Amino acid sequence: MGKLPVGLQVYSVRDDAEKDFLGTMKKIKEIGYDFVELAGLYGQTAEEVKAALEEAGIPALSAHVPLAELEADVEKTVTDYAKIGCKYIAIPYLPEELRPNTPGFDKVMSLIPQIGEVCNKHGVTLLYHNHDFEFVKVADGRYALDYMYETIPAELLQTELDCCWVKVAGEEPAGYIKKYENRCPVVHLKDFYKEGNPENLYELIGIDPEEKKEDSGKFEFRPVGFGMQVMPEILEAAVANGAEYVVVEQDASVGRTPMEAVTMSKKYLDLLGF
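Its first residue numbered 121, the sequence shown is counted upward by one per residue in this note's numbering.
Treat the hints as calculated values from the structure; they're not laboratory data.
The structure presented is a predicted model; accordingly, all values stated were derived computationally and were not measured.
All residues carry an ideal CB built from backbone N, CA and C; glycine is no exception.
Simulated restraints, written as ranges between beta carbons of each label pair:
(1) G143 to P233: 34 to 42 Å
(2) A192 to G290: 28 to 36 Å
(3) D135 to K387: 17 to 25 Å
Once the Cα atoms are required to be at most 25 Å apart in a straight line, the calculated DMTMM-like pairs of lysine to aspartate or glutamate come out as:
(4) K207 to D266
(5) K170 to E191
(6) K203 to D140
I would like the entire structure built from these sequences, with the hints used as guidance.
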């Protein structure tokens with residue numbers, strides 16, 4: 121198996137980062153991660169974040185930036201993350217009113233190319249980070265995720281495939297990485313355990329749905345290598361199909377601290393020789 125740089129999505133240890141950003145970045149570096157992917161600036165300026173990362177000795181390759189934040193002031197937002205050194209900006213999530221098969225999705229499809237143009241101007245590549253709701257069929261029978269990538273040119277939008285949500289949607293992560301060969305520079309490694317048909321999965325990532333449903337199963341996020349994903353297959357697909365980086369993300373941790381969980385993920389990847 122080949123090897124790619126391994127980063128950590130800071131959302132995985134968000135409470136630690138909120139309390140002590142610099143200390144958390146130093147810890148991530150000590151664990152052995154090569155870079156971080158930001159999820160906000162934790163109340164700091166771009167300059168302060170950049171200084172903390174430099175002091176910790178770990179770069180920020182990418183950042184998850186909400187679509188609303190990009191829409192509000194795309195020039196300033198992209199410029200700030202470019203200053204920090206981010207090579208990629210990823211749209212991380214769509215609220216319900218902007219999802220496929222809602223009137224708001226047309227707005228998303230018109231905004232993304234505009235944001236992609238601004239990113240390109242600043243030497244940044246725009247990515248889209250999927251969940252499972254993009255795996256609904258649109259009018260012509262395609263998955264909305266495929267419709268998005270087949271409609272918006274690759275030079276304006278690349279993909280950051282999240283392996284957990286691809287699998288939850290019923291597709292194989294390795295197959296989807298291959299499908300977007302040379303268009304998926306960053307792959308999200310995320311493991312989980314699932315049985316039955318659990319409802320309200322998004323409550324686990326801090327999103328409270330308007331409609332409460334009764335759970336009929338079990339779901340929990342787990343450290344990479346400790347869940348149901350066939351990680352060697354995913355890693356091989358990433359290397360073989362033009363990915364440049366992989367990012368560990370664990371939205372929630374059960375039975376251990378988030379920092380313990382992300383340490384387990386890195387040790388597992390080390391054991392694989394990745």
